[in-house]
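**Q** Next come the chains, spelled out residue by residue.
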Amino acid sequence: MEKADLATDVMARLQEVFRRAFFDDGLEVAETDTAADVDGWDSLSHVRLLLSIERQFGIRIAPGEADRLADVGELARLIASKLQAA
Amino acid sequence: MSGETPDSRQLCLMVGTCITFGLQYLLSMSEEFRQRYRLQAYRTHRHQQFMSDFAIGDEELNAASVFIYHTPGWADWGNEQGYHELLARVPAHVQRISIPYPIFPPLWPFHVYDPRNDAPDRALFPHGAPAHYPYGDGVVLRMMRQGLPKEEIIRRYLDMDVSDEIGLDALLEKSIEIQAVKEENTDVKVLDFVASEFRRQPAFLTMNHVGNPTLIHMADQILGRLGCAPLGPFAHRGLFHLVSPQMPIHPSVIRHFGLTYVTPESRYAFDTFRNLTLEEYLSFYIDFA
Chain A
1 MEKADLATDV MARLQEVFRR AFFDDGLEVA ETDTAADVDG WDSLSHVRLL LSIERQFGIR
61 IAPGEADRLA DVGELARLIA SKLQAA
Chain B
1 MSGETPDSRQ LCLMVGTCIT FGLQYLLSMS EEFRQRYRLQ AYRTHRHQQF MSDFAIGDEE
61 LNAASVFIYH TPGWADWGNE QGYHELLARV PAHVQRISIP YPIFPPLWPF HVYDPRNDAP
121 DRALFPHGAP AHYPYGDGVV LRMMRQGLPK EEIIRRYLDM DVSDEIGLDA LLEKSIEIQA
181 VKEENTDVKV LDFVASEFRR QPAFLTMNHV GNPTLIHMAD QILGRLGCAP LGPFAHRGLF
241 HLVSPQMPIH PSVIRHFGLT YVTPESRYAF DTFRNLTLEE YLSFYIDFA
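So the sequences go chain by chain: A and B.
Take the first sequence: its letter number 48 is residue 48 in our numbering, and every next letter is one higher.
Take the second sequence: its letter number 101 is residue 101 in our numbering, and every next letter is one higher.
It should be emphasised that the hints constitute simulated quantities derived from the structure, not laboratory data.
These numbers were taken from a predicted model, which means no experiment stands behind them.
One thing to keep in mind: the hints can contain errors.
Taking beta-carbon pairs under 7 Å as the criterion, some of the chain B residues facing chain A (in silico) [to be verified]: (1) Tyr113; (2) Leu168; (3) Leu171; (4) Lys174.
We treat Cβ as the ideally placed atom computed from N, Cα and C, and that holds for glycine.
Next up, chain A with everything else stripped away, as it sits in the complex (with noise of 0.2 Å):
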């Protein structure tokens, strides 16, 4: 798949993981959002976020890894790389 595919790939799939781990299936996620932009994200939700990444995408994003990043775009790049090199 293309890296631009890819992308686009990602951050789709990835609106579901999020509606899936915050239980709202109405949840629509932007890639420039933060944890304070989307209702019911905080570092305590965070892990069952991660888990559900992990599961939906089939890679290991290793503890700390996903906290430095910036926004929601950043989580979909960290994805789509690990994907790329798998």
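Since chain A is already given, all that's left is putting chain B on it; use the hints.
**A** Chain B only, in chain A's frame:
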């Protein structure tokens, strides 16, 4: 001439989250500790700006003998940079004892931050304070968004199997993995204790509040580093929960992990006034708006 005797004990500073309420009490239960140290605690809570809570001056830092603190990077401060700057100012002569900031989601797997807590016109608790439910429940909120009546939400919630929504063993495994990294460089460690005890003791009261057994485990390690004996039996048997609130645990979570210290009918000390079953808690929580 003043009747006051100068306090000649060494100064022990402690900075941390609300779990330091419990640690402060436990350390002060040690007569050896009390005789040698006067304890000054600075604490904050999540979502607050760190430095506004912990403006500790150089004079106080220089006067200290011991500095107990969370390792940076994990404590969810509002101002991580400010925390690093504070730690850099701790003089070399001060004995540092680092403690972890543990969290344990598997017993409360549906936690989300509930934005209703931020509503300025939210309901009041019966004692007059603005209602505050720091541990939201995503599944309850989802059913509320669907417009289900309260009684139906409670019935469905109590009857559900949590494992249908989330892999509890995977969540436990991920939580342990994260905690292991958190405590790689701390002096005080809790992971082995929690992993071996959480099924038979309240190792945690909420997903980020350790219970008395874990607090005692932490306090004993601090006391050991200071050359003091561990706490006696009274600490293990004679204390109410040192940290509040205590969050109810879903019956299917109790079953899944085989928890032996609670049952589906157990009551939980939610605040100073209310000792609630899960069903009673849900009723209050759903009405909170």
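**Q** Out of the numbered hints, which ones does the structure contradict?
**A** Per hint list: single violation, 2.
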